[in-house]
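Q: Chain by chain, the residues:
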Amino acid sequence: MGKYLKTSDTDWYKQRLIKVMICVAGAFFILLLRLFYLQVIQGQELRRLSENNCIRLQSTDPSRGMIFDRNGTLLVDNRPAFDLSIILKDAKPVDRTIEKLAKLIDVPVSELMKKLKHGKGVSSYKPILLKQDIGRDALAAVEVQKFDLPGIVVNVKARRHYINRQSAAHLIGYLSEINSDELKSGKYPECKGGDFIGKFGVEKVFEPFLKGKRGGRQVEVNVMGQVVKVLKTVDAQPGQNIYLTIDHILQEKAEALLEDVAGAVVAMDPETGNILVMASSPSFDQNAFVDGMSHKQWRSLISNPLRPMANKAIQGEYPPASTFKIITAIAGLEEGVIDGNTTMHCPGYYKYGNRIYRCWRRGGHGSVNILKALSQSCDVFFYQVGQKLGVDKLAFYAKACGLGSATGINLENEAGGLIPTASWKKRRTGIAWQGGETLSVAIGQSYDLATPLQMLVLTSALANGGTRYKPLILKSVKTADGDIVIQNKRQVIDKLPASKKTLAIVKKGLWEVVHNPKGTGRIAYIKGIDISGKTGTAQVVGRKNNPDLSEKDLPDHFKAHAWFVAYAPSVDPQIAVAVLVEHGEHGSSAAAPIAREIIRTYLEKDKYNGA
Amino acid sequence: MFDRRFVQYFDWGLLGLILLIGLLGLVTLYSAVTSATPTPQKTLYFKQMIWYCAGMTGMVFSFSINYKSLYRWSLAIYAVCILLLIYVLIMGKYIGGARRWLILGPVSIQPSELIKIAVIISLARYYSKHANPRGFTLSELLTPFMLTIIPFMLIVKQPDLGTAMVLVLIAGAMTVFVKIERRSLLCIITVCTITGPLVWFLLKGYQKKRILTFINPDRDPLGAGYHIIQSKIAIGSGMIFGKGFLKGTQNALSFLPEQHTDFIFSVLAEEWGFVGSVFILFLFLVLIIWGLNIAYKCRDPFGTILAVGATAMIFWQVFINVGMAMGLMPIVGVTLPFISYGGSSIVSIMICVGLLMSISMRRFLFE
Numbered sequence: 001m002g003k004y005l006k007t008s009d010t011d012w013y014k015q016r017l018i019k020v021m022i023c024v025a026g027a028f029f030i031l032l033l034r035l036f037y038l039q040v041i042q043g044q045e046l047r048r049l050s051e052n053n054c055i056r057l058q059s060t061d062p063s064r065g066m067i068f069d070r071n072g073t074l075l076v077d078n079r080p081a082f083d084l085s086i087i088l089k090d091a092k093p094v095d096r097t098i099e100k101l102a103k104l105i106d107v108p109v110s111e112l113m114k115k116l117k118h119g120k121g122v123s124s125y126k127p128i129l130l131k132q133d134i135g136r137d138a139l140a141a142v143e144v145q146k147f148d149l150p151g152i153v154v155n156v157k158a159r160r161h162y163i164n165r166q167s168a169a170h171l172i173g174y175l176s177e178i179n180s181d182e183l184k185s186g187k188y189p190e191c192k193g194g195d196f197i198g199k200f201g202v203e204k205v206f207e208p209f210l211k212g213k214r215g216g217r218q219v220e221v222n223v224m225g226q227v228v229k230v231l232k233t234v235d236a237q238p239g240q241n242i243y244l245t246i247d248h249i250l251q252e253k254a255e256a257l258l259e260d261v262a263g264a265v266v267a268m269d270p271e272t273g274n275i276l277v278m279a280s281s282p283s284f285d286q287n288a289f290v291d292g293m294s295h296k297q298w299r300s301l302i303s304n305p306l307r308p309m310a311n312k313a314i315q316g317e318y319p320p321a322s323t324f325k326i327i328t329a330i331a332g333l334e335e336g337v338i339d340g341n342t343t344m345h346c347p348g349y350y351k352y353g354n355r356i357y358r359c360w361r362r363g364g365h366g367s368v369n370i371l372k373a374l375s376q377s378c379d380v381f382f383y384q385v386g387q388k389l390g391v392d393k394l395a396f397y398a399k400a401c402g403l404g405s406a407t408g409i410n411l412e413n414e415a416g417g418l419i420p421t422a423s424w425k426k427r428r429t430g431i432a433w434q435g436g437e438t439l440s441v442a443i444g445q446s447y448d449l450a451t452p453l454q455m456l457v458l459t460s461a462l463a464n465g466g467t468r469y470k471p472l473i474l475k476s477v478k479t480a481d482g483d484i485v486i487q488n489k490r491q492v493i494d495k496l497p498a499s500k501k502t503l504a505i506v507k508k509g510l511w512e513v514v515h516n517p518k519g520t521g522r523i524a525y526i527k528g529i530d531i532s533g534k535t536g537t538a539q540v541v542g543r544k545n546n547p548d549l550s551e552k553d554l555p556d557h558f559k560a561h562a563w564f565v566a567y568a569p570s571v572d573p574q575i576a577v578a579v580l581v582e583h584g585e586h587g588s589s590a591a592a593p594i595a596r597e598i599i600r601t602y603l604e605k606d607k608y609n610g611a
Numbered sequence: 612m613f614d615r616r617f618v619q620y621f622d623w624g625l626l627g628l629i630l631l632i633g634l635l636g637l638v639t640l641y642s643a644v645t646s647a648t649p650t651p652q653k654t655l656y657f658k659q660m661i662w663y664c665a666g667m668t669g670m671v672f673s674f675s676i677n678y679k680s681l682y683r684w685s686l687a688i689y690a691v692c693i694l695l696l697i698y699v700l701i702m703g704k705y706i707g708g709a710r711r712w713l714i715l716g717p718v719s720i721q722p723s724e725l726i727k728i729a730v731i732i733s734l735a736r737y738y739s740k741h742a743n744p745r746g747f748t749l750s751e752l753l754t755p756f757m758l759t760i761i762p763f764m765l766i767v768k769q770p771d772l773g774t775a776m777v778l779v780l781i782a783g784a785m786t787v788f789v790k791i792e793r794r795s796l797l798c799i800i801t802v803c804t805i806t807g808p809l810v811w812f813l814l815k816g817y818q819k820k821r822i823l824t825f826i827n828p829d830r831d832p833l834g835a836g837y838h839i840i841q842s843k844i845a846i847g848s849g850m851i852f853g854k855g856f857l858k859g860t861q862n863a864l865s866f867l868p869e870q871h872t873d874f875i876f877s878v879l880a881e882e883w884g885f886v887g888s889v890f891i892l893f894l895f896l897v898l899i900i901w902g903l904n905i906a907y908k909c910r911d912p913f914g915t916i917l918a919v920g921a922t923a924m925i926f927w928q929v930f931i932n933v934g935m936a937m938g939l940m941p942i943v944g945v946t947l948p949f950i951s952y953g954g955s956s957i958v959s960i961m962i963c964v965g966l967l968m969s970i971s972m973r974r975f976l977f978e
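These protein sequence lines are chains A and B, in that order. According to our numbering, the residues represented by the first sequence are 1 to 611, in order. According to our numbering, the residues represented by the second sequence are 612 to 978, in order.
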């Protein structure tokens, strides 16, 4: 025989195969023993456990993380709610049980029956939800009659509770029941029907922090379906608590100021990008979403022309109007089209081609330099600057100042606004850019669109000396025990396209807006607080079609939107604000006072912080 | 081409045996899919019949080709299966959190089932070529190790731990069968005992937790631990004579997870009791001994080792599946041959049986 085995005639394989067969027989013997143990020795006991399917699994929901403001004021928490369910298998006879229950909790039998029908196809061992959030009285009645109500289970469930009704509703968002599309999407692997998930705002974006981890227990139940023994328990892990950057008192102040109008107020700390206020008016009641809304309620919310469901601070796109002059000024100074001393004459209109472009002030501003042009918002001055720059240069500076693209705030559906260029218009409409359109763009009209948040980031950058910080809404995340998980840090987006000298000139102009007796933002002046700002009045309908119509005669929805962007104190600023009031007519009258009050409240915060 | 001796030498006993097991499987599956509330999945039952037909075709195909030609084709078969595994990792359909399925028109197949057969053939070729009485040394075992570890990694990546485990066990059984040289064996054992704790030390907390849960399902009372309890209750409640056909209650409440695939033995044991369970285990034992007997009678090493491999595949799947249902083994997705629902599993097992038939029949045919 050689080195290798050539045929299996040798007994070698046969001997080994005998051993293999013995091993196999041994393995089967082990299986047989186990089978004997389970079915014969333990059979009786296991049969008993199987009769009523006694061993069941109950899940326990984690408590969702709470939401606080920057100072630790509680904004959102959970309250206990009592839900009634029925387990069909235990509830024999079902009809009588339902009738009794209906009487106790004062709900028509038909409504409960409808729920039952809805739950058809569910295993008879799984609870079907009959009524959510029954009051304490109904709960007491059910608990007393417990033994007459077989198969009826009361579950205590934590319900989301928004403490300050309607306050910061757009920022915080809301929870509501997961729908079938979301269940199927695979994005919520741990969720089951009936769970609540964040659907909007912070509740949605920070869902992973807030939700926690489900626990459960193995229990043994009796014939009535009542738990007789808890076999094993896995504790639910509570969600993490979230601290927002907003200041609750300032937020409520902003909401009070916006009470009767549609619009938005956003404010941030110019040195960090922390959002201090984000208010959008009108607002909505978040608790209504948790309690479940009727179709009618929902329809009236989404068909309201004042758009209560839109967060106007980040989703509202408006012509920036005269607030855009900040950008035109920067562009003009940087490109050398003007300097600090350039003067132009404003007769109240500007003739371009064969068309007349009006200044907002019919009588004109006379001789105007950049400071006067900013403080009195002279259109004619900026028409000429814009005309010299051309639309594409203007667009370049506007984009470098953050307009035309979303700021990247950690919220969904942020709008990007619009900054037109010549090629954009050609692409979009097929018509070449007209020189006259540049004039409109230079004063923030025509195609220009910006969100209040974009204008706020720009204003903040101006205030802090030229750095654009990313707007932040999350201050920190802490565990239920208070350990810090995440602490936010300021994030630079980029720098404004402006030299120190340019910034100094523009900032001086904005200071004059409020401090010069003729400044358009004079109304924002407060003794002792040094505010700088810029007004804006965004036309909704072109003035050219009906030049003689006075603003006062326009119907409400054609009235101009009012803007005011501001920061204070002018040196070493602590807060920047952007205010937009829809159809508020004039930035000076409708928006500036709101910004003033926000700044006053914030800078005098030591008073309310109990100093 | 048709030879009368095919009829004469055909292994009718083996065919009868698998038909009997298959029939019992269909009956059990019928119970598993019909009494499962809320929605009886009767279509699964008909699908399974179609898969049986496909399996029969696979069986006829694999016994009609001369197993000796597989010796030459082994590398090509192996390569194709590996390519399919890679393809499925990249392009496969994502079902239930894993990429296992390859969609071919109306059917979906799992290449991981086919690779088991490819590995068996490749190892049989290598071992039969190099077999010697002193056994295989470490360096000689490098090739078989590579042949196994490549598909193993690909299957783990899917992830399909059960199939990966079965693959290693089959390869291990074949290797032990052809003998490992004594010093090499000692060396392997020493290395394993030293590196085991070392690897454990390097694992992260959650990985350790996962492995511990895998070994001891009680650590996860809401998941695997609960399944095991339900499965044990189902089996035990069958007692000696069972609850009777379609009378199983645990199954009817769909408390058992995957009752038509991984936990089908629980359904069977509940309805047919100790008597029925022992009977089905006995049939499996006969089948496995039958396969080993084919290896025993075969006169060339390739055929012998191939038969051992094919039998090992059946053995491990039966042992792991039944052991798991009774709480003896970690919970892994391994199907019970001929009984669990699942197309690829039926087809691959039938191909194995076809190989055994081919080997059995051709021991009489001399070239």
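Derived by calculation from the structure, the hints in this document are not laboratory data. Keep in mind it's a predicted model, so treat the numbers as computed, not measured. Ideal Cβ positions, reconstructed from N, Cα and C, are used throughout, including at glycine. Some hints here could point you the wrong way.
[Claimed, not checked] Label pairs and their in silico Cβ distance ranges:
1. B:Lys-815 x A:Val-230: 52 to 60 Å
2. B:Ile-701 x A:Lys-501: 51 to 59 Å
3. A:Asp-181 x B:Thr-801: 53 to 61 Å
4. B:Lys-815 x A:Gln-166: 39 to 47 Å
5. B:Leu-813 x A:Gly-194: 24 to 32 Å
6. B:Thr-801 x A:Ile-493: 34 to 42 Å
Q: Confirm or reject each hint.
A: Hint by hint, here is what the structure shows:
no.: 1; hint: B:Lys-815 x A:Val-230: 52 to 60 Å; verdict: violated (31 Å)
no.: 2; hint: B:Ile-701 x A:Lys-501: 51 to 59 Å; verdict: holds (58 Å)
no.: 3; hint: A:Asp-181 x B:Thr-801: 53 to 61 Å; verdict: holds (57 Å)
no.: 4; hint: B:Lys-815 x A:Gln-166: 39 to 47 Å; verdict: holds (46 Å)
no.: 5; hint: B:Leu-813 x A:Gly-194: 24 to 32 Å; verdict: violated (42 Å)
no.: 6; hint: B:Thr-801 x A:Ile-493: 34 to 42 Å; verdict: violated (60 Å)
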